Amino acid sequence: MLITDDFLPVPVPESLSATYLVPMAGLPRVSPKTAVRALQGRLARPVHGLATQMLDSPLMSVDTRSIDEFPQLPPDLLTAFGATEAQLGRLAAASHLVVVQAEYRPGWPPAHEWAARAVAAAVAESVDGDVVDVFGLQFLDPATALRSLPDEHGRVRLVDWVLVPYSSDAEGLWFTTKGLRRFGLLELQTQGVPDHLTRAWGAVMTGAARRLLRDWTDGLAGEEVPAFVQLPVLATVTGHDIAVAYGNPEQHGATAPVLLRLELDPATDPEADSFLSLRPPPGHPGPDGKYFAAACATLFSGIQPDVRYARSGDAMSRAVATARAGLDGIRARFLAGQLPPESQLVVKYGLPGDEGPEYVWAGVTSWEAPERIVGASASDANTDPTVRIGSPVVVESTDVVDWALLDGTGVIEGGWTQAVLDAGERPRPSH
1 MLITDDFLPV
11 PVPESLSATY
21 LVPMAGLPRV
31 SPKTAVRALQ
41 GRLARPVHGL
51 ATQMLDSPLM
61 SVDTRSIDEF
71 PQLPPDLLTA
81 FGATEAQLGR
91 LAAASHLVVV
101 QAEYRPGWPP
111 AHEWAARAVA
121 AAVAESVDGD
131 VVDVFGLQFL
141 DPATALRSLP
151 DEHGRVRLVD
161 WVLVPYSSDA
171 EGLWFTTKGL
181 RRFGLLELQT
191 QGVPDHLTRA
201 WGAVMTGAAR
211 RLLRDWTDGL
221 AGEEVPAFVQ
231 LPVLATVTGH
241 DIAVAYGNPE
251 QHGATAPVLL
261 RLELDPATDP
271 EADSFLSLRP
281 PPGHPGPDGK
291 YFAAACATLF
301 SGIQPDVRYA
311 RSGDAMSRAV
321 ATARAGLDGI
331 RARFLAGQLP
341 PESQLVVKYG
351 LPGDEGPEYV
361 WAGVTSWEAP
371 ERIVGASASD
381 ANTDPTVRIG
391 SPVVVESTDV
401 VDWALLDGTG
411 VIEGGWTQAV
421 LDAGERPRPS
431 H
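Counting with UniProt numbering, you get residues 1 to 431 for the letters of the sequence shown.
One should not assume that every hint holds.
Unchecked claim - Beta-carbon label-pair distances, calculated as ranges:
1) Arg372 to Gly41: 26 to 36 Å
2) Leu77 to Glu171: 21 to 31 Å
3) Phe135 to Thr322: 49 to 59 Å
4) Pro165 to Asp384: 43 to 53 Å
Just so you know, these hints were derived from the structure itself, not from any lab. Given the structure is predicted, the values throughout are model-derived calculations rather than measurements. All C-beta atoms in this analysis are idealised placements derived from N, C-alpha and C, irrespective of residue type, glycine included.
Just need the whole structure built from these sequences, with the hints factored in.
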């Protein structure tokens with residue numbers, strides 16, 4: 001095996017396994033095969049076929065056990081990963097667990113995960129129950145579990161399979177991923193992230209996971225499973241990686257790439273996990289957090305909030321009127337898929353504040369009803385702590401003051417209010 005300064009050899013496990021649980025009061029109503037047959041036409045054919053084949057193979061087992069035979073699931077951790085009181089209540093009332101386990105070789109597709117989650121979701125649906133993903137310590141309702149499975153083209157949203165928890169310490173925020181081990185890859189971590197980058201760095205970590213997972217599975221594409229896969233020491237992350245990881249490939253997020261250095265951080269405790277650490281590239285001056293902030297600014301560029309207010313009759317009012325007059329047209333083009341390649345549609349809208357509105361941008365993800373836009377915030381708001389980079393937002397069309405198409409170079413169409421601000425015609429706040 002060739003080892004160079006440009007690549008990091010990462011060990012490959014011999015096999016991978018997935019475990020899902022279905023808590024229930026009493027015994028299953030139907031067999032797993034019958035439950036899976038009921039999903040025909042609702043699951044992508046390749047996934048339905050995979051689940052059916054693995055059920056008939058020694059690679060999968062489905063057992064019903066008394067709940068007393070299974071180690072107790074920690075309710076505090078389940079709650080931390082999103083469990084509701086109703087879900088925990090159903091678990092406490094359960095007398096049995098259906099245990100779905102599958103095993104497969106490392107590589108793509110991860111048949112053990114796809115098939116085990118599909119079978120567990122089918123069984124849970126047959127009893128109006130829940131799925132417990134043992135790896136992620138997460139409850140999934142059957143509909144959510146089924147939506148997370150691949151479409152006809154084998155595509156998934158990585159955010160449905162990889163979580164990005166974080167905690168705080170004296171040096172800032174410590175981010176890790178939880179889910180890459182499903183695919184045989186070590187989990188990622190970043191330390192020393194500034195506190196104000198909570199949402200933004202979570203998105204960057206998800207984009208980095210998507211890029212490295214692609215490199216990882218490319219290295220496993222041969223017939224023989226190698227002992228190591230060599231990952232690039234300098235990994236690139238782009239807005240496209242983030243968009244695809246969140247299931248919005250049509251919003252390519254064309255941005256300049258950000259470089260991150262990959263370091264192997266082996267565990268000293270044999271019971272603990274090793275990590276791949278994301279660090280600034282060599283030669284970066286100053287603390288790591290400064291580089292992480294600059295990386296976020298690059299990946300979420302050109303759409304900063306502003307707290308400036310237009311007076312009637314001035315250049316800003318004309319800019320807002322121009323933007324609003326074009327809303328119907330840009331919506332029609334968005335819905336028809338007629339926007340320029342590698343572009344992203346963003347809208348600017350007002351959030352109420354003590355001294356007047358704060359104007360922030362959001363990337364448009366859907367716009368089915370003319371009066372309501374669904375999107376993801378493209379900036380952190382000062383006036384509303386719930387509006388952070390990447391957070392979902394619903395915008396009333398009547399609140400929109402501007403729109404723009406962005407590509408890797410910046411604004412390519414629209415952005416009339418931004419042009420007024422950039423020209424220096426910045427009206428003072430009215431009181």
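Hints and how they fare:
Between Arg372 and Gly41, the C-beta spacing of about 31 Å keeps the proposed range 26 to 36 Å intact. Against the hinted window of 21 to 31 Å, the Cβ-Cβ separation of Leu77 and Glu171 comes to about 25 Å, which satisfies the hint. About 51 Å separates the C-beta atoms of Phe135 and Thr322, a value consistent with the hinted range of 49 to 59 Å. As the Cβ distance of Pro165 to Asp384 is approximately 24 Å, the hint placing it in 43 to 53 Å is violated.
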